[in-house]
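The whole structure should be built from the sequences, with the hints applied where relevant.
One-letter residues, chain by chain:
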Amino acid sequence: MSRFNATTPETELVAAAQNGGGQAFAELVNRHKRLALSLAARFAPSRSEIDDLGQEIFLKAYRELPGFRGESSFATWLRTVAVSCCLDYLRKAKRSPAAGGLELPLELPDDSKISAFEAADIRDSLNRAMAKLSPADRLVITLLELEGESVETVAQVANMSKISVRVRAHRARGKLRTLLEDVYGTET
Amino acid sequence: MAPKHDWLQSIFLTARQVVIDVAPLEDGFENRVLARLGREPRVAPSVLGLIPAWNPAPVFAALCLLVLAWTLFAPQAHLDFMGGALGLFDMESLGQVLPVNLQHIGMLS
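Heads up: the protein sequence lines correspond to chains P and S, in order.
Note that our numbering has the first sequence beginning at 1, numbered continuously upward.
Note that our numbering has the second sequence beginning at 1001, numbered continuously upward.
Note that these hints are calculated values from the structure, not bench results.
Even glycine gets a Cβ: it sits at the ideal position worked out from N, Cα and C.
The reader is advised that the hints may include incorrect statements.
[Unchecked claim] Looking from chain S toward chain P, a few residues come up when the C-beta cut is under 7 angstroms (computed):
#	residue
1	Ile-1011
2	Phe-1012
3	Thr-1014
4	Val-1018
5	Val-1019
6	Leu-1025
7	Glu-1026
8	Arg-1036
9	Val-1067
10	Trp-1070
[Stated by the list, open to error] Partner residues aside, some chain S positions facing chain P, computed with beta carbon under 8 angstroms:
#	residue
11	Trp-1007
12	Leu-1008
13	Ala-1015
14	Ile-1020
15	Asp-1021
16	Val-1022
17	Asp-1027
18	Phe-1029
19	Arg-1032
20	Val-1033
21	Leu-1034
22	Leu-1037
23	Arg-1039
24	Glu-1040
Set out below in structure tokens:
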């Protein structure tokens, strides 16, 4: 039986995984898989691709783990790795995936004023429009607007300057406004 | 002036509330990651990785300087050889004319 479990401190897990401890790394994966899969679901279109991208994130994390110095939390560092993986995924995709997680159920807050059907409709329209953005612009607007990250955090995890993040976000919003105007622009 | 209602921000806010439920993928996920790690080839330095990084710009500049120096100061035979090798222009004529011209401007004694 593994000596690592849900109560093992994260620093201990990281140190053991850095020395090649597979069980320690498995526990780290177990603790942070939702973070990686949720981000992957913002970009990958199908269940199998989300799973694959999620695995890629942890494979990259394992390869780069020796360079992790513990200057930030493991979750923050993993998020940087995940963002880099998602950007690579978008760049390698022959054409930008149109929608994230179509085959997976949606979760809505209890006090949501819209139905699951309306939510899915909005998500699909937005995803189709997002697919027409460049990979870096799509990444920036997803992190800022859908993940609710700050400009500073996006700049840090996406390895861009804050100005570059603002410029990309501005450009992406303009393009999305044009693409979605026919559908939603006249409703207000 | 009251801020204009931004329909795009409303879409973002709605989309932010919609979370894709990844729970169906979480089951056994760490085992799949470990299985893939097991199949990964060990990272070995490739032959290309052993070549130290180099910048072609200074090498190209050094070659240009060498050619220039050769053109200016090399004996006739060398100029003919280089002209033939490069095939760019009539080095025989250049070889005869250039030293004379350089003598005129004081670059060759």
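Outcome of the hint check:
1. Ile-1011: It holds, given that the least Cβ distance between S/Ile-1011 and chain P is near 6 angstroms, below 7 angstroms.
2. Phe-1012: holds (4 angstroms)
3. Thr-1014: holds (5 angstroms)
4. Val-1018: holds (5 angstroms)
5. Val-1019: holds (4 angstroms)
6. Leu-1025: holds (5 angstroms)
7. Glu-1026: holds (6 angstroms)
8. Arg-1036: At about 6 angstroms, which falls below the 7 angstroms cut-off, the nearest Cβ of chain P leaves the hint on S/Arg-1036 intact, so it holds.
9. Val-1067: violated (40 angstroms)
10. Trp-1070: Where the cut-off is 7 angstroms and the nearest Cβ of chain P is about 46 angstroms from S/Trp-1070, the hint is violated.
11. Trp-1007: holds (5 angstroms)
12. Leu-1008: Cβ of S/Leu-1008 sits 5 angstroms from chain P, so the hint holds.
13. Ala-1015: It holds, given that the least Cβ distance between S/Ala-1015 and chain P is near 5 angstroms, below 8 angstroms.
14. Ile-1020: holds (4 angstroms)
15. Asp-1021: holds (4 angstroms)
16. Val-1022: Result: holds, 4 angstroms to nearest chain P Cβ.
17. Asp-1027: violated (10 angstroms)
18. Phe-1029: holds (5 angstroms)
19. Arg-1032: Hint on S/Arg-1032: holds, closest Cβ of chain P at ~6 angstroms, below 8 angstroms.
20. Val-1033: Holds: closest Cβ of chain P sits about 5 angstroms from S/Val-1033, inside 8 angstroms.
21. Leu-1034: Holds - the Cβ of S/Leu-1034 comes within 8 angstroms of chain P, reaching about 6 angstroms at its closest.
22. Leu-1037: holds (6 angstroms)
23. Arg-1039: Violated, about 10 angstroms.
24. Glu-1040: holds (7 angstroms)
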